[in-house]
Every structure is written in C-alpha cells, then in structure tokens.
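Order-wise, the sequence lines are chains A, B and C. Each step along the first sequence adds one to the number in UniProt numbering, with nothing skipped, and position 141 is 141. Each step along the second sequence adds one to the number in UniProt numbering, with nothing skipped, and position 112 is 112. Each step along the third sequence adds one to the number in UniProt numbering, with nothing skipped, and position 47 is 47.
Just so you know, these hints were derived from the structure itself, not from any lab. Positions of the beta carbon are idealized from the N, C-alpha and C atoms, including for glycine. Among these hints, one or two may not hold up.
Claimed, not checked - Derived contacts from chain A toward chain B, CB cut-off under 7 angstroms, selection only: (1) Lys67; (2) Ala79; (3) Gly83; (4) Arg202; (5) Glu230.
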Amino acid sequence: MKRTKISAALATSALLALAACSGGGKTKGEVDLLNVSYDPTRELYRAIDPGFATEWKAKTGETVNIKMSHGGSGKQSRAVIDGLEADVVTLALAYDIDTIAAKTKKLPADWQARLPDNSAPYYSTIVFLVRKGNPKNIHDWNDLIRPGVQVITPNPKTSGGARWNYLAAWGYGRKTGSSDAAARDYVTKLYNNVPVLDSGARGATTTFVERGIGDVLIAWENEAMLAQQEMGKGQFQIVAPSVSVLAEPPVAVVDGNAKKHGTQAVAKAYLDYLYTPAAQELIAKAHYRPRNAAVAAKYAATFPQIKLLTIDGDFGGWAKAQAQHFADGAIFDTIFAQRRR
Amino acid sequence: MSATPAPAHQRATAESPVARIVLIGVALAFLGLFLLLPLIAVFAEGLQRGIGPFLDAIVEPDALSAIRLTLTVAAISVPLNIVFGIAAAWAITKFDFPGKGLLITLIDLPFSVSPVVAGLMYILLFGSSGWFASVLADQDMQIVFAVPGIVLATIFVTFPFVARELIPLMQEQGRDDEEAALSLGASGWQTFWHVTLPNIRWGLLYGVLLCNARAMGEFGAVSVVSGHIRGETNTMPLHVEILYNEYNFVAAFAVASLLAGLALVTLVLKSVLEWRFDYHRGGTGH
Amino acid sequence: MTATGASLGSTAIEGKLRSPARPYGKKRSIMPGFGITFGFTIFYLCLIVLVPLSAVFVRSAGLGPAHFVDVGFSARAMASYRLSFGAAAAAAAVNSVFGLLIAWVLVRYEFPGRRLVSAMVDLPFALPTAVAGIALTAIYAPNGWLGQYLEPLGMKVAYTPLGVVVALVFVGLPFVVRSVEPVLADLGHDVEEAAASLGAGRVDTFTRVILPAIGPALLTGFALAFARGVGEYGSVIFIAGNMPFVSEVSPLLIVTQLEQYDYAGATAIASVMLVASFALLLVINLIQIWSRKRMAA
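This is chain A alone, in the form it adopts within the complex (with noise of 0.2 angstroms):
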C-alpha cells in the first residue's frame, strides 16, 4: 500500500522530467540567435526581433528564433565571461563589453570601432523623472542637493545605469564648480540626500513609483518615458537638466560564440538591422534616441535638447571613470564612507 503510494510519486516524477525533456530540438533551416542584454532594453527588442526574423527569412529562408536574456548589465556580462554563449550582447555601458573582449578573448579590443556610432545604434541620456505638479520644484541639478528633497538612483557599483547617472552628475557638479574638488562636493551631497540605494535601475524606479520614495528620481530618458507611461499616466512629469551625459548602450557580436554555433552571418545582420530605418522607428518609439537622421527629425519633439557631456571626452574613456569613481576604495566608495559619520 505504502509501496504503490512511493512508486507512483516516483513514477510521477520520471514522467514529469520525460515530458518536459521531450521537446526542443531545431530542424533544418532553423537558427538560435542569444541575444544578451540588460534591463530596460526588453520592450524594445520585443519590437524589433520579429521584424528581423521577417528579413531574414525572406532574405535566406532560414527562420530564426531569437533568443533573449535582460538582468543588469554587469551581471550579464560576468554571465558572458563565466560561460553564457551569447552570440550578440547589447549591454548598457561599453565598459562591460570591454571585460567581456579583454577576459575572454571572444572578441577584439577594438570592438566599438565596428559599427557606426560607438557601436550604439540608439542612445539616450540622463534625465529627472519629478510627481505630478513637480511640488519641490526640480528643474536643474542644483535643485537636488537642497536639505529635504530626497533623490531616488540606484547604486552605480551593481547598476549600469546608475553609472551613467553618476556620471551625469559629476560632470555637472565640475562644470559649474569648474574643478574635480567641486564636482566630488556636488556629488558627496547628492547621495547624502539619497535615501534608499536600490542594486538595479529597475528596481529604484518602482521604488520611487510604486512605494512613493523620493521626490525624484534620476533616470535614463527612455525608462523615465516608459515608467511614465507604463505606470500611471499624468502622476509624473520629465524634468529635462541642463547638461547631461551621452548614454550609449553598445551592441556587439561575441565571435568566439558565434563562430561555435555557426552564426556569424545571422548576427551581423541582426545588429545591422538595428541601424534600418525600419528599426530605428522603433528605437524611437521605445523611446530611445535615434541615430537616423530622418527618423530623428520625425521624433524631435519627443527628445528635448540637452547639452551632453561624452565619456571619451569629458572622463577619459571607461577604464578611467571606472577606476577614478567606481572601483573599490574610490571616489564612491569614500563619499559613503564619510558619510558614516
């Protein structure tokens, strides 16, 4: 009695893994493509990957099945490093594309000069996303380290993102102080208002939407767009700062992996495709900036004119920003560090 009961659960259970094993298994004329990305990117790939498997199966005849991956960006590229065979990645900073070339060899160092742009068929910046009436009246930078406003970004040591905010802050905070000293004040000051530190850039905008922290948070353009538009239209308002900082996420096909699974063809397309005007409408309507002239024009309204800073010029390239402001004992690390105290 005992005895039927335990082989029947057992029995259970090997059918169980026998139909879910069953399954799977590609056809001919049939092609994987593992696309690993970050966060806020979901939304527009769901746009655009039918659009190119269209093309290329008029193209080839070949249907491909686009395969996707979003986490933070860092996270996903350690996942590439450690063994995740991404046949393109479309992170949000070069800098974690950068690890992937230099640990891995997968693909060359000078990765970013292979396609148009920086490699960043899209881009975006930093902007602030305030409630409904902007009722601590937040219109520039300076407005964030006023005593009593408290300011919602996530932490740029597990955040792309939150990078590019830092970024973003830094160069204001030198540009008007016109010295690093002033910059790193500005700075220590803004995250003395911060009060919750959120590892994701997803995660501090539902902070500051859904459980009502914060009188602002500072954002990429397009999850600001979206969050506004998403979660309760008209409760919040895009505040456009001064200056800003350049945000583009690189795209770029991972050799290594794709020679493995035969994909090359099929992936320097896909990211081709990307810079198509047919794409590059959806890029704009996922509220990323444009890179195409035209559809740029169509979109102007939408995007308003920021004077923008660039990591090349104004940090020095990735490798610096990352040593000087985020890696372990620098500048981050010891604003909370004092702030202990």
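Using the hints, position chains B and C against chain A.
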C-alpha cells in the same frame, strides 16, 4: 473540534480558558501579521484586475515553459535528495561513529550558505574559467547557464530537508524494531522496507513536501546560474522577477500566486493525509 | 582548523557518553547497511556540498592573507556583518519566542482551523524569497498596507535595518516551530502533573520543567533560523534600502564585489560568513547531542 472539558486533576497542567484564548490569539495574530498578510498581498496584487488577466499570465507561453522547467528541476532534484536523506539518516541513527556532530552540521550547512554563494560555487567549478572548464569544453557540455546548473543549485539548496526531517525521528524511534526484525531473520532490505519505512513514512512525506516546495521556490541560487534566457532557462521564480521588472505587476503576482498556491496545496494535502490516517505525533490529550 | 578541533571534541563527547547505560555498541554488528549508506552519504555530501564549497575557499585563498583581511574585514564588510548577523540574531530571537508560542498552541490546544494554521507555518519555505521580499515591501513601505499607519507613529520599517529583521522573521519562523513541535508533542503530561502535585504553579512548571526539556530543540530552531537569516538575499534586498554601512547586508556586498569582476574579494567575504555560520551550527549541534545523551542517561 471543541475542546473536551478538562477533568479536575488536569487543571493543574493546563492553562485557564482565558490564558488559552490569549495565547491562541497572540499566536494567530503573529502568524497573521508575518505570514498571512504577505500571502494575501500576493494574491490581492495578482487578482487586482480580475481573474482574466490572472489566467492570461499563467497560460502565456513563457510562463508555461517556466512552469515546465520548474517541475522538471523539482522532479530531478527531489528524488535524489530523498535517497540521500534516507541513507544519511540510516547511517547516522543506526550506527555509532566518531564525528557524528560534524557530519550533521555539514548536512545543515546548505541552510546557512547564502544563495548567492551557492550559485557562485558552481560558476567557480563549471564556468568558463572554472576548475572543470576544459573538460566541459572538450565534451561541448554546458552546465552553468543551462538546466544542469539549475538542477545542481536546487539540489544544494534543498539538500538538508529530507535528512533533517528523518534524523530526529529515527533517533527517537531507536533501533529496537529493526533489531527484532533482523534477529527474526529478515534481510536488511526487508527490514527497511517493512519495518523502518512504515515507521518514518509521515516524516519522510513531510520532508519530501518541504524539499519539493523549496525546490520549486528557490530564487537566489538559481538566479546566479540560470542565464535568464526567456522560455529556456527561466524557472517560475525567475519569471516572476522578469515580469516584475517589466512593471507587469499583475502577471508577476499571478505567477507568484500560482507558486504559493502549489505550495499551499501540498502543505494542506499533507495535513489532510495525516488526519485521515489518524497520525498523531503526540496529539492533544494523553 | 575549526573543523578538526570540533570533530575531536565531538569524538570525546560520544566516547564518554557511550556508557553502559546504552549498550548498543555490541549489537551494532547485526544492523546492516552501514557501509553503503555511510559511503553514499559521504560521497553525495562531497559532490554537492564540500567540493563546491572548497572552490570558494580556494579562490579566496588566492588573495593572500594580507589582502584577504583587507577585503574580508574592511570597515564596510564589518558593518555588513554586524547587520547580517545582528538582524539574523534579532529575528531568530523573535522567532524563538513566537515560534515556541505557536508550536505550543498547535500542539496543546484544539481550535477551529488548527490544521490549516499548521500547514501555513511552512509557507516561508515554499514562497520564493524574492516574492516574499516584494510582498513585505508592499506591506511595510510608507504607502503600504501597514506602513501608512506606522509612518505617522514614527516607525519606519521598509528601507531600514528593521525591515531586514522583518524579512528574516518571515524566512526563519518555520525552522523554530518545526524544531520545537515534535518535542513538545512527545513531552508527556506526567512530568507536569508531578510538578503540579508538588505545588508548582503553571509558570513555574513551564520555566523549570518544560523549558529545560525543549531547550535543545529550541536551540536548534534558533540556530537554523539564524543561519538561514545570515545568508538571506532575495527577500532582503527589496526591503533593506541597501545603504552602505547602514542597511547593506553581507550577501549584497558579495554581489557588489562580483559586479566588479572581483571573484576573489567576493569569495573572501563569503568565506568569513561561511566559517562563522558553520562554527555556530557546529556548537549548537554538539550541545544538542550532548544534552540528548545526558537526558537519556
């Protein structure tokens, strides 16, 4: 269900009715605050747009593949841990050997290892710069960022449950029954099957259910080794996270409700079975 | 180090307690299956637990002692240990009190819905930690179900260390209830009756008779809840606020190290946590074995 009136001599060993009600009240209030409220929150959020979107979220293809993967992983890891749990409990409770305390502690250890570390270990072993990287590359085998890695992480996290449940139970039952059977000429296997197993069946069932519930619900460790490929290496808890990160709160909580519901059903099932077979570990009276 | 010392200690205890009062040593030969079950236990333990964990220690050893101390015991790491271990201890203490109460009520009293309540106690084992974290945050955030009433009273739960404790109370509760319940059920009424007939009051009976008897089980429950709490990540990150030095738990610090591709640093912090938890569990298990034998003798 009503409490039987206590005989006079028992009054000294029972609390006054008022004290009883207060104690029950405090216990229920605590449970309500810390367990029931979060559970209600999950269901309430999942159902806030009604039953339609709730069901849509569950039958959506990515959700279905997540459910399938979760069941597969549980179906592989739970039986392995059952075999281990029985073997370990047998060795520990039926024999004396030095270092037993150490062994029990090692079995407990996965409880105290942070899920983050649990996932990291397997990356250090099977990742592309891990100890076994070259072997795996030669065989063209993928362990982390694929189903085997998820199974390993799940086995690790649920490792102690069955053993932990059986060890105290079998310790308490002692060895007399088995020794009697053996001295009457039963083989070791027969003794286990006809004497030990019936004695421990409820404890075993309980351990299995817990192990299974935890296997289906594990998030942290699995998150590290999964690779998060939609429709392929996302388990249900990871799917919940993805939906949540897409600001799709209704769907996220719908899938979470399904997980919680599965767990509740198994736990209630266990209670019902216990009750039907009239199993009382001590009961209320004697 | 710890392991060897402890294993010696345990041997000594076992040796001393294998007294003539429990003479099963000589009957051992008739019980079959030691080789296979013990062998399989050790094999599986090595495969699933020991070899993978050793990878963590080996990787952190690559740092060299000086650097290991720098990373593993930096001011920020120490602050995170204080929070992780402190909040875990506080939560385990809360759970010891209320877990015992719940176990008592479930074992001793009959009331409508008792079985349902009993089944519910295991919920935290089953609910994914991330879901628990989200749900708790939704409840305790300043605009949440309960948070909106606590906020005016000056009580902040979400995004403070208190939030960490709340999450860990949720995660650890079943460990205490399930450890204490069976022992409480087995505890006969005769001892209590004897105490009562000798004139002891109900409270006296509880503290002098019942508490000592269930002490070891309660301790196990405390230890398991504590150990689980120290390593908890999924539920905590949502509710903690994650401010360095204030509400940043150790597992988050490990993740932070990983984000910088600093595997050695991450494993250094992990090693410190592992050794601390292991030592604690070991001490408690030894106390338990010791007291069990003492009671039996």
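How the hints compare with the structure:
Contact between Lys67/A and chain B, as hinted, is supported at the beta carbon level, the nearest pair being about 5 angstroms apart and thus within 7 angstroms. Interface hint at Ala79/A: satisfied, since its Cβ lies 6 angstroms from the closest Cβ of chain B, which is below the 7 angstroms cut-off. The interface hint given for Gly83/A is met, as the beta carbon of that residue sits about 4 angstroms from the closest beta carbon of chain B, less than 7 angstroms. Using the Cβ-Cβ criterion of 7 angstroms, the hint placing Arg202/A at the interface with chain B is satisfied: the shortest such distance is roughly 5 angstroms.
For Glu230/A, the interface hint holds, since its Cβ comes within 7 angstroms of a Cβ in chain B; the closest pair sits about 5 angstroms apart.
Violation of the numbered hints given earlier is absent; every hint is satisfied by the structure.
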